[in-house]
Amino acid sequence: MTIKETQDSIIADFKLIGDEFNRYTLLIELSKELPKPEPEHLRDELLVEGCQSRVWLDIDYPDGLSRIIAYSDTLIIRGILTLVLEVCNGHTKEEIRESELYFFEGAGIAEFLSEERTKGMAQVIRTIRASAEADR
Amino acid sequence: MFRAEDIRKDFPILERLVNRRRLVYLDNAATTQVPLPVLEAVRSHYFGQNANVHRGIHTLSNESTAKLEAARRTAARFIGAEEDEIIFTSGTTASVNLLAQAYREILGPEDEVVVTVMEHHSNFVPWQMLCARTGAAFRVCPLTEAGEADLDALAELVTDRTKVVACAQVSNVLGTVNPLGEIAGIAHAAGAAFAVDGAQGVRHGITDVHAIGCDFYSFSGHKMLAPGGTGVLYGRREKLAKLTPPFYGGGMVDKVTVQRTTFEPAPGGWEAGTPNFQGAVGLAAAMDYLEEIGRTEIAKYENHLVTLTEEVLRDVPGVRVLGDPQARAGCVSFTAEGVHSFDVAALLDKLGFAVRSGHHCAQPLLASLGLEHCVRVSPAFYNTEEEIERFGDALRQVCGLLRG
Chain A
-5 MTIKETQDSI IADFKLIGDE FNRYTLLIEL SKELPKPEPE HLRDELLVEG CQSRVWLDID
55 YPDGLSRIIA YSDTLIIRGI LTLVLEVCNG HTKEEIRESE LYFFEGAGIA EFLSEERTKG
115 MAQVIRTIRA SAEADR
Chain B
85 MFRAEDIRKD FPILERLVNR RRLVYLDNAA TTQVPLPVLE AVRSHYFGQN ANVHRGIHTL
145 SNESTAKLEA ARRTAARFIG AEEDEIIFTS GTTASVNLLA QAYREILGPE DEVVVTVMEH
205 HSNFVPWQML CARTGAAFRV CPLTEAGEAD LDALAELVTD RTKVVACAQV SNVLGTVNPL
265 GEIAGIAHAA GAAFAVDGAQ GVRHGITDVH AIGCDFYSFS GHKMLAPGGT GVLYGRREKL
325 AKLTPPFYGG GMVDKVTVQR TTFEPAPGGW EAGTPNFQGA VGLAAAMDYL EEIGRTEIAK
385 YENHLVTLTE EVLRDVPGVR VLGDPQARAG CVSFTAEGVH SFDVAALLDK LGFAVRSGHH
445 CAQPLLASLG LEHCVRVSPA FYNTEEEIER FGDALRQVCG LLRG
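Residue numbers (this note's numbering), protein chains in the order written: chain A, -5 to 130; chain B, 85 to 488.
FYI, nobody ran anything at the bench for these hints, they're computed from the structure.
Certain hints may be false.
[To be verified] Simulated coverage check for chain A against chain B, where a stretch passes if three residues somewhere in it have a Cβ under 8 Å from a Cβ of chain B:
#	region
1	0 to 11
2	114 to 123
[Unchecked claim] For the chain B half of the interface with chain A, some residues (derived, Cβ under 8 Å), not all of them:
#	residue
3	ARG321
4	HIS424
5	PHE426
6	ASP427
7	LEU435
8	ALA438
9	LEU486
10	GLY488
[Said to hold, decoys possible] In the SDA-like style, the derived pairs of lysine to any residue whose C-alpha atoms are separated by at most 25 Å in a straight line are:
#	chain 1	residue 1	chain 2	residue 2
11	A	LYS87	A	ARG123
12	B	LYS323	B	PHE222
13	A	LYS26	B	PHE222
14	A	LYS113	A	GLU127
15	A	LYS113	B	GLY442
16	A	LYS30	B	GLY488
We treat Cβ as the ideally placed atom computed from N, Cα and C, and that holds for glycine.
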C-alpha cells in the first residue's frame, strides 16, 4: 500500500471506534506488536528529543527502502509507533519526502496526547522526514 | 458537618463529562476548582469597582483600593499575620523568587542555605540559583525511609553560617506534613531565617505563622479555590525590614527624581507595578468561603479521603504507595509495577479520572526515591468517598489492561 493508503486505512479503523477509551485500548493492543529491539537500537544517541516518554528511533534505508526500528518506555507511545512504522516502513526516501503525514490528526491521535507529547511525536515525524532528506 | 454532595453545587465544573464519562477531579494538588461565590466576587468587582488602586482620587479607585486592602486584612487573618506583613504576589513561585532575590544582596560565600530534597522546584531552584550567584553553599537535607525530612540530618546541616532554611509545609508528592515547629527551632537556634512553602499546606487545616514560628510563608491562590495569578508572601515585619525589595517600578516608590529614588515601606514597597487587585478580591473570597465551611472540618474530611485513597491503592495488585509518613495531607502518590505512570494516567483520563503523572516538579525527590515518574492522586473536600472507590476500580482495570 502507498503511504497515503495506509494512513487512510488507519484513520478509517479509528473512526469506527467511537469511544476514546476504546481507541486507547486499541493502541495498547497494538503496542504489544512492537517487539523490544536489541540493545544496539536503544542507544542514547537514538533518543528523540522533546519526548517526555523515552522514544528511540533507528532509521536506515538498506536497499533504498526505509527500515525504521522504534521503541518507547510507555505503552501508548509504543502503540502510536506501530502505526508510524506501518505508515513509514518499506518506502523509498522519495516516497517519504513527497508524502503528507496526516494520520495523527485524522485518526484523532493528537487528542489522546498532551501538548508536550504531541510535540514529541511531531519530532518523531520530523526525524523520519529528515532522514529522507539526507543524501539527496 | 458539611457534606461533599452539597458543596459540589458550588462547583459546576464537577458536573462536566470527560470523554463521555463523569469527571472525577483528583488533581487538586495541581489546581483546585473555584466555587461560585468566589467567581461572583470577582465578577462583581469587574461590574462595580474595577479601577487601578492606590493612586487615584476618584470614587472607583478608592473603592477598588478599599477592596484590595480588605483582601489584605483577610489574608493576614487567614494565616495569623499583620496587614503590613502580607505581600500580594502571583503565586508561590513568584513569592519564593521574590524572597530569594532579596537575599541576593546579603548572601555571600561564607553563607549557607538549607532546603530539603522533597522540595517542589519552586522552593528548590530559586535557592539553588541564589547560592550559585552569590557563592553561598547550597545544602540539601535528605529524607527518612518513611519520606519525612530527616531532622537529625537537618540539625547537622544547619550551622551558624546558615542564613535561610527553606522547606515545604506539605510535600506535593508524598503528602508528608513536615514538623514545622521543630524545623523552626533548628533554624532559629542557628540564627537562620525559616521560609516555608505553604502551597500544599495552606488549604489543609489552620495555618498560623506565629504558631509555626516561620519568618516567611508563601502560598498560591489557585491551590486554595482562588483565581490563578494570586498568592501571598508573608514576611515577619522585623525580617522584611532588613531586606531590600528587589523589584522596582510604580506603586512601590515614594519619591523618584533623576538623582535618587526612595521606597515605600512593606508591604507596598514589595509590590512593584499594579497588583492583581481583581485576583486579590477572589483570593479573599476564597478564604472567606473556606472559613465559612470550616477549615478544620475540611481538613478532617480531606484527611479521611487521603486515607481512603491509600487503602484503595494498597488494594490494587502491584501498586506501591510512596512514603509512609506519620502525617499525610492532600495527596498520595504511587507507582504500578511493570507499567509507566504516563500510561496509567492517560488511561484513567479516558475513564474520566484526572490525576497527574510525571515528576511533579520534584525531580530531586523522585531521584532520591530511585524513580523517574509516579502518579499522584490529590482529592479535595468536594470529592466523595464514592469517587475514591470508583478510582480504585478504574485503577484495577487500567493496570490489568496495561499488564495484559
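So, going through the hints one by one against the coordinates:
no., hint, in the structure
1, 0 to 11, "violated (count 0)"
2, 114 to 123, "violated (count 0)"
3, ARG321, "43 Å, violated"
4, HIS424, "4 Å, holds"
5, PHE426, "5 Å, holds"
6, ASP427, "5 Å, holds"
7, LEU435, "6 Å, holds"
8, ALA438, "12 Å, violated"
9, LEU486, "6 Å, holds"
10, GLY488, "7 Å, holds"
11, A:LYS87 / A:ARG123, "8 Å, holds"
12, B:LYS323 / B:PHE222, "21 Å, holds"
13, A:LYS26 / B:PHE222, "46 Å, violated"
14, A:LYS113 / A:GLU127, "21 Å, holds"
15, A:LYS113 / B:GLY442, "17 Å, holds"
16, A:LYS30 / B:GLY488, "16 Å, holds"
When each numbered hint is compared with the structure, violations occur for hints 1, 2, 3, 8 and 13.
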